[in-house]
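Here the protein sequences line up with chains U and Y, keeping their order. At position 468 of the first sequence (counting the first as 1) the number is 468 in the numbering used here, and the numbers step up by one without a gap. At position 111 of the second sequence (counting the first as 1) the number is 111 in the numbering used here, and the numbers step up by one without a gap.
In short, the hints are calculated from the structure, not lab data. Take the hints with a grain of salt, since some may be wrong.
Taking lysine to any residue pairs in the SDA-like style, the calculated list, with each CA pair at most 20 Å apart, reads [as the list claims (entries may be wrong)]:
| id | chain 1 | residue 1 | chain 2 | residue 2 |
| --- | --- | --- | --- | --- |
| 1 | U | Lys288 | Y | Thr315 |
| 2 | Y | Lys314 | U | Asp258 |
| 3 | U | Lys367 | U | Thr349 |
| 4 | U | Lys70 | Y | Asn110 |
| 5 | U | Lys440 | U | Thr218 |
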Amino acid sequence: MNFASYEVGEFYDEMVTDPKGARPCARHLMESIQSLPPGEFARRQAAAERALMQMGITFNVYGEQAGVEKIFPFDIVPRIVPAAEWRVLEKGLKQRIHALNLFIHDIYHDQKILKAGVVPREIILTAKSYRRQLIGWEPPGGIWCHITGTDLVRHSDGQIYVLEDNLRCPSGVSYVLQNRQVMKSLFPEVFAASKVRPVQNYPLKLRDMLEFLAPDHTPTPHVVLLTPGSYNSAYFEHSFLAQQMGVELVEGRDLVVDDRQVLMRTTKGFERVDVIYRRIDDDFLDPKCFRADSMLGVPGLMEAYQAGNVALANAPGTGVADDKVVYAYVPRIVNYYLGEDIIVPNVPTYICAEEKDLRYTLDNLEKLVVKAANESGGYGMLVGPHSTKAQRAEFAEKLKADPRNYIAQPTLALSRVPTICTDRLEGRHVDLRPYILYGKEIFVLPGGLTRVALKKGSLVVNSSQGGGSKDTWVLADSPMAEPKTVNRQAVPVLEGGFADA
Amino acid sequence: MLSRVADSVYWMSRYIERAENVARFVDVNLQLMLDAPEGQDQQWDPLVAITGDHADFAKRYGAATESSVIKFLTFDGDNPNSISSCVRAARENARSVREIISSEMWLQLNRFYLMVNSAAQRRGGLEQHEGFYDEVRQASHLFNGVTDATMTQSEAWHFNRLARMIERADKTSRILDVKYFLLLRSAQEVGTPFDDIQWVAVLRSASAFEMYRKRHGRISPRGVVEFLMLDREFPRAAQFCLVAARDSLHAISGTPLGTFRHAPEKLLGQLCSDLAFAGVDEVMEHGLHEYLDELQTKLNQVGQGIVETFFAFKTPQSGRRPALSPTQ
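Just need the whole structure built from these sequences, with the hints factored in.
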């Protein structure tokens with residue numbers, strides 16, 4: 001496998017610089033790839049897929065009788081983040097989470113930021129994820145967003161932007177851990193040479209954080225992970241994390257609330273639960289408090305929570321901060337609470353609720369991506385460059401009718417990473433989701449989920465639309481001192497000097 | 001542990017053991033038919049009879065031929081007790097308790113499932129299945145070995161063993177029953193060389209032939225029954241299985257041996273005593289088939305009792321909750 005025919009194109013490439021040199025952080029990797037005997041690279045890709053299949057890291061393909069299961073596609077060329085760049089990202093993510101947590105707390109208490117007019121009041125009060133039930137609530141330690149996955153993208157200008165905040169139940173971290181395990185067995189030599197920072201302690205950090213939330217009177221907190229059940233598409237991740245943390249994986253039907261205590265049904269009777277890492281949305285958490293038709297939740301759970309008898313991560317109501325319109329205000333939110341400029345910027349965003357931005361958006365629909373605030377998964381979205389005139393006209397009417405519900409962003413040229421396409425490497429667009437834990441302190445996992453759009457030219461990295469994943473290598477400081485020989489056999493020793501002389 | 005989790009571990013284990021034993025049934029019959037004297041009819045309906053799914057089979061397949069019975073017991077997704085269905089059910093149960101079993105157990109069960117699945121998709125004639133039943137047995141053994149080598153021997157492990165041993169005792173008794181059904185069909189062969197061959201095949205299907213030789217030497221119906229039902233040391237003998245099941249049941253609830261706290265402990269204790277004090281002559285006098293039938297009925301009752309005692313859905317009585325959370 002070599003880079004002879006590789007084209008960087010007009011995009012930022014995370015590994016290759018034009019003409020066909022490696023970025024310093026990727027030098028070991030590129031040498032290693034080029035030095036492998038023909039067919040070896042493809043063999044390792046196949047070995048990775050086999051390993052993932054055997055680990056059962058699969059999702060169900062619905063509608064096929066045989067119950068066919070597929071793996072979340074995985075590409076063995078990693079995305080590399082150099083140490084210096086990561087330092088900035090880490091600082092920026094900590095800053096962002098710190099400010100967002102202060103924001104959520106403020107929203108459910110004094111609403112100073114609304115009174116100051118920094119964020120318009122009606123945007124918060126009309127957000128679907130704003131939970132009146134939580135007004136005045138003091139969560140343990142004053143922390144609301146314990147686990148966050150922030151989506152980052154790099155544009156062709158080389159700058160990394162925050163595309164989206166996921167503060168409810170961000171998923172994908174299990175792929176980070178499993179991808180790494182597979183890569184370590186496939187490329188041990190490159191790992192050693194590149195000084196890749198480990199991610200394997202995430203489950204320990206997660207458990208420490210959850211225990212930190214336990215009500216004060218418990219000497220040995222009993223932590224559980226609440227899943228919607230084995231038919232949920234993220235079930236693999238729920239069971240994997242529970243297993244790696246050494247905590248019980250429970251479903252709603254395993255729990256019962258009695259006298260404002262959460263108990264679980266065991267073979268020896270009922271046992272008390274102190275901390276719940278819930279992977280169920282607010283809506284379904286407690287039919288007595290939120291959606292009455294929820295079969296997944298636990299009746300009375302919110303009462304137990306608000307009596308301080310059980311901790312929930314993330315706190316209910318946290319979702320108010322990952323509303324797509326609220327996102328647009330995050331730079332101002334950071335500035336308001338911390339008095340600092342935002343370190344990792346937002347993608348430039350036009351807030352249609354603001355007159356000037358609405359006009360710009362309506363005038364430039366063919367250039368912009370317009371998103372509805374309360375939709376996800378590509379619904380209620382207009383991708384300007386791929387739209388027809390009729391679609392744009394229809395969307396313009398929607399915008400004028402309900403401007404609060406929309407934001408607009410320029411179409412980004414996401415950066416690319418070399419990716420195996422049958423027998424050669426081609427550039428494919430990627431994003432990056434790092435994971436942040438907020439307990440006693442804020443911890444950013446040095447790594448993250450790199451999602452890759454496997455279809456040529458596609459910018460959509462979602463697994464439901466042909467996306468896959470890659471391992472993400474965050475490098476430790478000063479790894480590039482001296483390029484070591486990675487594969488002795490494959491690096492030719494120069495011996496020709498004498499003959500020519 | 002969670003009732004739901006105990007339930008899943010229990011059924012995961014039973015289904016794996018069941019898949020292994022169905023493979024043993026089919027294998028023993030295949031071998032018997034190969035050795036059958038010329039001119040004798042192939043006998044496949046006894047195999048369906050002992051699995052207890054006769055009605056379902058008759059409705060969907062009609063006559064019992066080699067290919068229909070093999071299909072029914074091996075890859076028929078509509079037969080809940082086919083090898084395919086058992087392995088699938090075991091895996092579905094394991095999927096919901098992946099954080100309880102070890103990763104290695106999951107890996108092995110998943111490989112098992114993928115192996116059976118790909119064999120099902122080949123769908124060739126009998127020659128295509130050569131080695132398949134052996135592979136199923138091996139996969140099950142490997143799972144049990146991995147379980148014992150990687151899983152903490154606490155409550156979940158005991159539920160796993162309890163289930164495996166109850167299932168195995170039941171199936172060993174049914175393997176013995178195959179011979180009974182064959183006898184019905186060919187009474188004229190009792191005492192002939194073919195009779196001996198049949199008994200050997202029965203022993204082989206329980207992996208018991210060599211061990212039997214060491215214990216009893218000559219092949220005799222009495223000896224085989226004694227060995228497969230009453231032996232205390234052979235790990236597929238009913239007696240051995242039920243003693244192990246009882247030990248696990250008592251380990252789960254902490255009740256001293258010789259006493260009982262709930263219905264399954266009582267039933268299983270009685271069953272163990274019955275077997276411990278039974279002589280093979282009494283079994284034969286009573287009628288082997290009747291004896292096996294009663295044993296299977298009692299085992300069903302034990303199974304039912306386990307479900308009611310440990311897995312059934314209960315609601316708390318206020319004021320009786322534990323004061324402190326338990327240590328994990």
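Hints violated by the structure (numbers, ascending): Checked against the structure, no hint fails, so every one of them is satisfied.
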